[in-house]
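J.: Take the sequences, apply the hints, and build the full model.
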Amino acid sequence: MKQKTFFVFVAPSLLMMLIFIAIPLVSVFIQSFYVTQNVYETVVVETCTPSFPTSICEKTEKTVPLLDENNTPITQTVFVGLDTYRAVLEPEKAVQLIRSGQFFDIFTDIDFYKALRFTLMFTLITLPLVIGVGLLIALTVNNVAQNIKGPVIFISLLPFIITPVIGALSIKWLFIGDGLLTRALESLIGQEIAMFAQGWTIELLMMFYRVWHVAPFAFVIFYAGLQSVNQDTLESAVIDGASRFERVRYVIIPHLMPLIYFIALIHLMDTYRVFEEIIGFSSEAHVISLQWLTFDFLEPDDTGNRAISRASASSMLTMIGIILLLIPVLNRTLRDQKKG
Amino acid sequence: MAQIQLKNICKRWGSTTGVKDFSLDIADREFIVFLGPSGCGKTTTMRMIAGLEDPTEGEIYIGDTCVNGLEPKDRDIAMVFQSYGLYPNLTVYENIRFPLKIRKVAAETHDSRVRKAADMVELGPLLDRYPKELSGGQRQRVALARAIVREPNVFLMDEPLSNLDAKLRVSTRAQIKHLQHSLQTTTIYVTHDQIEAMTLADRVVVMSMGELQQLGTPTEIYDTPANTFVAGFIGSPAMNLLDGKIIDGKFVTEHTQIDQLPSGLPDAVTIGFRAEDIQVTIPTDQHDTANSEGHIFAPVYSVEMLGDSTLISIKVGQALLIAKAEKTFRAEIGQTVSFIVPPEARHWFSKENGARISV
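If you read the protein sequences in the order shown, they are chains A and B.
Numbering-wise (our numbering), the first sequence opens with residue 626 and increments by one.
Numbering-wise (our numbering), the second sequence opens with residue 9 and increments by one.
Don't take each hint at face value.
As the list claims (entries may be wrong) - Some chain A residues judged to face chain B by a derived CB distance under 8 Å, without partners named:
#1 S853
#2 D857
#3 I864
#4 D865
#5 V876
Quick caveat, the hints were computed from the structure, so don't treat them as lab data.
By construction, the Cβ of each residue, glycine as well, lies at the ideal position given by its N, Cα and C atoms.
T.: See the structure below:
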């Protein structure tokens, strides 16, 4: 393809990426170094209390927002450098906790680290599970009889079709106090179960939900990959004496490796932005994620103000986290591509 | 001991039959080639011996053991595939070592066995390479080394040379023949290439439509084909086959009158003769051939110079007859030529069922 033709072909996509990804990203980056606040002025206010024979008046200085001609508070944006990041990361509080020997309290007392812990744990635990379960479903479907393949594929894909928040709510309703599964489990083990009374059980349910929801995506990709496994290589392994597990290990997994990297990349990017589960499971009191933290900063506080700068800083930190997680996978992918 | 016995093997998929009532005895250390066109059942038969397909009926014996119920790994066979079947993520060394590792053969013997197998197929300097860094011929040699490293009782080779270019095919063919001779291992080789079959085999099994057409040494197959299918399949060019009738003691058809026939031929027969057995001449009178010597007179359809000979083809009815003439022989397309078919070069087949008629 000629360079010019190629450019004309990709130009619309590049333009859209510039407008909807690059510019907002740069704007958020810049915004994270600025704070927009009301302009205040100091005024002398005289307060008089009725008395005899004359009123007693007292003059005090007060700070009030400066208003424009429409009585709207005037705002100004000031450069604050890394202060917003400091406000999010709270390094002083973190150092203080470490010095006082309460290292693990960082992950409960400071919102950012609390969110980071859950986000990282959620991402790193669900990643192998999604790949493993997806591969298992793909291998199973690939080996079922031809005439039931269609229905099995349809049923396997159902969780992926369901809207995330609705899916999370369904799981929540199944496990709440008088939920169907809670009741069933209680009658089975003869003990009361409260899945939403503590953080770790909620986290467990969230991970279960995410694997249940995303594994079908991995399954579809792996199933497509399985159709191109070299049958001669597979049969060579059979003749060489490889068991089913060894065939998967030595033939199928190496063949699917590029797809495993692909799933890993997509899943890391997607899961690090975990949000729907927090809303669906209403877990804010116990468990929060980085994406939810950004959302929380953007929510108006009691005085109606939104912490846009802190939200920007939190977004940038989330993005840095994603990049750091992606680097090893990208590195490996590039190395494999160079090899051949 | 690794003689192989196939007893009334059948393979059916629903209403489709792949192999019909196939029986065969293969001697220990024999090199046998299954030959036939695509879809004739040769690969299916080999896969049943390997255990990759289950026979619908019949029994397969390797040595004295009926292997019908055995897994492929328990049949003590090794197989070489058309597209090599190598493990792309393993080096040549690891590929060759794989069967030893999987079968948990004593680890201290691996290195020497791998190197010995690699040396036998001249792969010594390539052990650290990955399959993608090798040529087609080298890959096939890795597959061969992987097959021989375990020293199995039987080698199965499924069209191992089909993916190679013509020159490489010749050298690899020689290498396979040499390996089989030095290893003395029973070998079953599947191919649709009759030259491979003729050059490699101790005996050839010619198959068509899932049935055995003829079993014999390459010479037997070539010199006395059992039917018109074998006659038309073996040889390059294949045997000329011409349908005709016996009238007044002569074989007669369009442009053709052949006399000096053996006795006992039915009225409707097919005559067969090989291209190299025909004498080709150009009649002096192109318009009146009545006084010229020859059995078939027809205009030249094509002339092909092969270097060591010249192929002259003529059309008789729907049949294209080819004669192999001297390399200096020249004729123009459309020029009438005469084919003389000596009595000893004639093969007779029933027109009804294609079977050879012994005369």
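J.: For every hint, state whether the structure bears it out.
T.: Consistency of the hints with the structure:
no. : hint : verdict
1   : S853 : 12 Å, violated
2   : D857 : 4 Å, holds
3   : I864 : 5 Å, holds
4   : D865 : 4 Å, holds
5   : V876 : 7 Å, holds
Hint check: a violation occurs at hint 1 only; the rest are consistent with the structure.
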